[in-house]
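A.B. asks: Now for the letters of each chain:
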Amino acid sequence: MKGLTRKRIRSVITSVILSFALLIVFFPYFWTILASLKNPADINHPLDFTFTPTLASWDAVIHAGIPAQAMNSLIVGAITVLISLLAGTPAAYAFSRFNVGGNKARFGILLAQMLPPATLIIPLFLLMYQIKLTNSIIRVVISHLTVLLPLVTWFLIGFFDDVPRELEDAAQVDGCTQWQTFFKIVVPIVRPGMGAAGLFAFVMSWNDMFYALILTSAKARTLPVGIASYWTFRGVEMGQMSAAILLAILPMIGLSFFVQHFMLRGLTGGAVKG
Amino acid sequence: MLRLRIPFKYQLLIPLVVIMGAILIFPLLYSLVISFQNYELSKIGQEHFVGFKNYINLFGNRSFWAAMRNTITFVVIAVSIEVTLGFFLALLLHNKATFLRGFFRSTLLSPMFITPIAVGLIFRFMTNSQLGVIPNLLKNFNITIDFFGPKLALFSIALIDTWQWTPFMLLLILSGLESLPEEPFEAAQVDGAEGWRMIWYVTLPLMRPILLAAVVIRMLDAFKVYEYVYAITRGGPGVATETMQYFIYRTGFIYFRAGEAAAMSYTFIFVITIMVVILFRILQNKEETK
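These protein sequences, in sequence, are chains A and B.
Going letter by letter, the first sequence gives residues 1 to 274 in the numbering used here.
Going letter by letter, the second sequence gives residues 275 to 564 in the numbering used here.
Just chain B, with the same shape it has in the complex (with noise of 0.2 Å):
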């Protein structure tokens, strides 16, 4: 009998290996193939290649691109508040005199691990014109705001992202705040430094590489927007809030469009990378000229 030796540590992976490669790459391969097909879900058995069609009619998609950018407005404008509230919550919680710190750290974790979409059905509720707490305490003042009115829903789905992902902002900075060496502080302290300045030219740069990992990990997870969409406004009022997770998700399942899906899928994916790639060469480009 033939027994192959395989290296213990190559066994070790064979679960992992033999797992994602069936429900991970084999499907992303897949969906690779199909982009290049006029695949439908209502003509499966009737699907020929069609070579760049869906990526080349993607250009002349408005929809699509309206998704594209709704999305990328949507990331820039959440993570953007996100990261600065996570790191002033953070410098706050940081301090050990601060009154009650465990208590504050731990109670405002807890909006990242609630359903998404409960939080989205919560604020569609407490902002609804009728029943709303929010729109009825305003009324109080004699003020009315729209917020899912095609001026303000983007924005309004943006916060209802900041109240949930703070915390998660919150809790990499610090864990990135503990991390830090104590000798550059100690340092400034002896040359006078203290509060903002403090903050400004001794922590900030220290913590560069830290808010960078922060902000590009958040991005990667804001970029799969839905259940808020899919709660409030369903992509609109018009294509106010149609975001690419949601995009893709009606093309492919609501309008049966497999192939065209998968073509978006993958232009997205591009997107995506382009942006990590460019933010990644902005920041290095900084610490080089400092």
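If we strip away everything but chain A, and leave its shape as in the complex, we get (with noise of 0.2 Å):
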């Protein structure tokens, strides 16, 4: 009787708690979405929650260059997963596998994921600036391989790991090439990773500002730095800064839903074997 009432307070306790940190993770969330939704003279009173809520932000952030910047970020993303996913795959199939390079190649791997970025982005400028490549898509899907076809060959590396060798070995007898193996028994095992791991890439590739701030041209900017121009702070444009950011954060959260499953997989997956 007395055990019970304690579990009883405990899980009364542990949801206080919870709900609570939940209120600080979704009260942003929140405050931008009433924000984004106020006329820039009810922007002035934070706390009046008597405002007529409007689309006037919302109606100028579509009409501006947002969506635009958004159709940027998409076509980087896109270009960006599908390079990693091609030349990753093979390469998480052979780390693997083969086990080439052992864990030093792993440790190479999670290393290049964890370079600050400044320390590449001077030579990556020049040496672009060297070549003439003045094509902003091309340069930021450049910067943004650097970092994403380690972590998706990371990512990778753990999926290939659980599938059964039989399968493989049992191909190999039935006259298949390694390629053929490859290819018609161990991808499509493995799809569901290369979904996750794509899916993950494309939000880091989306979130990114650092590199596509200095590599895109002010004809070719992507959401997170057209975010970022809203820096000036005025009242007018808070309002439609919110709209923004909501545009750019909402369908990431929502795939999140979609990612945050296989991420346990992926993220401990290329983990050094001991």
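Careful: at least some of the hints might be erroneous.
[To be verified] Simulated crosslink set (EDC-like; lysine to aspartate or glutamate; CA at most 20 Å straight-line):
hint, chain 1, residue 1, chain 2, residue 2
1, B, Lys283, A, Glu168
2, B, Lys370, B, Glu457
3, A, Lys7, B, Glu460
4, B, Lys370, B, Glu460
5, A, Lys132, B, Glu321
6, B, Lys283, A, Asp161
7, B, Lys283, A, Asp162
8, A, Lys132, B, Glu314
9, B, Lys413, A, Asp48
10, B, Lys370, B, Glu456
11, B, Lys327, B, Glu314
12, A, Lys184, A, Glu168
13, B, Lys370, B, Glu452
14, B, Lys283, A, Asp42
15, A, Lys184, A, Asp169
16, A, Lys184, A, Asp161
17, A, Lys7, B, Glu321
18, B, Lys370, B, Asp495
19, A, Lys184, A, Asp162
20, A, Lys184, A, Asp174
21, B, Lys413, A, Glu168
22, B, Lys283, A, Asp48
23, A, Lys104, A, Asp161
24, A, Lys184, A, Glu166
[To be verified] A short, non-exhaustive set of chain A residues, derived as facing chain B with CB atoms under 7 Å:
hint, residue
25, Pro28
26, Thr32
27, Leu47
28, Thr50
29, Ala91
30, Ile122
31, Pro123
32, Leu124
33, Leu127
34, Gln172
35, Val173
36, Val203
37, Met209
38, Ala248
39, Met252
FYI, nobody ran anything at the bench for these hints, they're computed from the structure.
The beta-carbon is built from N, C-alpha and C at its ideal position, and this holds for glycine as well.
Build the complex from these two chains, which are given one at a time in their own frames, with help from the hints.
C.D. replies: In structure tokens form, the structure reads like this:
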């Protein structure tokens, strides 16, 4: 009896703490949504909740540069993910199945993702200048690949580790070449992993501002760079800034529900074997 | 015709090696060369080798070391809070009896999926002294906090980082908790351990390698802090929130001193490596003295 009440108290406390954490996580979203629906005069009175909602900010944002910038982000993300999967999938298979380079190679893949972008941006920028690479989209894709190709490879190693070898052996007995086995047997099995890795890499590409800020021209900004340009803090622009921010973050929060489930396997995936 | 036969396992790696060689390894080597030149973006074509001059000059560059100190302070504050909170929340979410466990889990993770520049701008908006909701709420209690004044600015930035990245810590630690074996817990329960004693004597020791990995991964990521500084303080007031990533960016792209910036990058990587090695040593020693 005593144990039961204690358990109940504990579960109530747990719920209270988690709800509080949820409040802290959600309040900034809630506030941004509210600001996107206020007119500039109402934004000046943050604690007055009696305002009449308006879609003027949303309307202004949709007719500004934001949709074109979102399109640029989408194109950059899609190309980056495609190349990362094309080059990363066979590489991850090599690291997993044949243990090429051993733990050192796996560690190197991990380190490549950790390199501070500040160290890479200078040579990338100069080299692009020297070979006269001026296309903003290609420039940003290249910079994103430096992080996301190793990330996708790392992610996929774990998924390949889970594929039973007997399947591959059986295919080879049946006369498949190693490439055929790879494409027809192994790739279909890791497809969910490729999907998760691709989506996660897309989110990362979409969210980057540092590389995009330096490597894009004014005509081909990506969305985070576009948002950053609302830096001028005049009341008039706060509503629009809020709407633009929501356009950038809500799709990613939506995508996150599809990726989360696979993230655990992916992040620990290439973990160096002891 | 001569046909070079490359083994299958190396064929698989060709795309990765070619791409990474071209866009990562080669640029890094190129940057190493630049770091020994007086390379300036405004005078391209006039650069020549100056030996270790860029590196030696760094020793006397006070803003550089201020940025280094800020970055390390920021990383230590942010990651300590994140690992503590993350561990605590993970314990609650790991408990199968927790009400709405799956719901809390998936919603609490959301901040790690959104662009950091948006996070920076949202918090700048919420803490703005006139328009912001937080100062206006605090006004009711006659409290005024200068979140981005010289004293608190770096700490405030670290708290923003905590908002966004504790979820990532939570995710890593939760996956660690789920991978732990059951037996030690059952044995401890038989011995009468429960609650905090169980966590302190059983969970924590078992979790040490996972916590170490989580801290190192988060630390390496936190060293890249840039967007919050860009969105809110731009390094100020004074140099209070000048961080390495922001400082190197400014040296290279605002002041055009690419050679110097490259030397700073390599020094930065060197310092990060030393910090990670020290962290591993400390935690390994603890393991041995047990």
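A.B. asks: Straight-line Cα separation of Lys413/B and Asp48/A no greater than 20 Å?
C.D. replies: 14 Å, holds
A.B. asks: Going straight from one Cα to the other, do Lys370/B and Glu456/B come out at no more than 20 Å?
C.D. replies: Distance of about 14 Å is within 20 Å: holds.
A.B. asks: Does the closest beta carbon of chain B sit nearer than 7 Å to the beta carbon of Leu127/A?
C.D. replies: Since chain B brings a Cβ to about 6 Å from Leu127/A, closer than 7 Å, the hint holds.
A.B. asks: Using 7 Å as the Cβ threshold, decide whether Met209/A counts as touching chain B.
C.D. replies: 5 Å, holds
A.B. asks: Need the status of pair Lys184/A, Asp174/A: alpha-carbon distance at most 20 Å?
C.D. replies: Holds, because 13 Å separates the two Cα atoms, which is no more than 20 Å.
A.B. asks: Given the hinted pair Lys370/B and Glu452/B, is their alpha-carbon gap at most 20 Å?
C.D. replies: Holds - the C-alpha atoms of Glu452/B and Lys370/B are around 11 Å apart, at most 20 Å.
A.B. asks: Is the interface hint for Leu47/A satisfied, with its Cβ closer than 7 Å to some Cβ of chain B?
C.D. replies: Holds. Min distance 5 Å.
A.B. asks: Could you check if Thr50/A really has its C-beta closer than 7 Å to a C-beta on chain B?
C.D. replies: For Thr50/A, the interface hint is violated, since the closest Cβ of chain B sits about 15 Å away, which is over 7 Å.
A.B. asks: Decide if the proposed pair is consistent with the structure: Lys184/A and Asp162/A, CA atoms, cutoff 20 Å inclusive.
C.D. replies: 17 Å, holds
A.B. asks: Need the status of pair Lys132/A, Glu314/B: alpha-carbon distance at most 20 Å?
C.D. replies: 18 Å, holds
A.B. asks: Sort out whether Asp161/A lies within 20 Å of Lys184/A, counting only the CA atoms.
C.D. replies: Distance of about 17 Å is within 20 Å: holds.
A.B. asks: Holds or violated: Lys370/B with Glu457/B, Cα cutoff 20 Å?
C.D. replies: Status holds; Cα separation ~17 Å.
Of the numbered hints listed earlier, those contradicted by the structure are 14, 17, 18, 21, 22, 28, 34 and 35.
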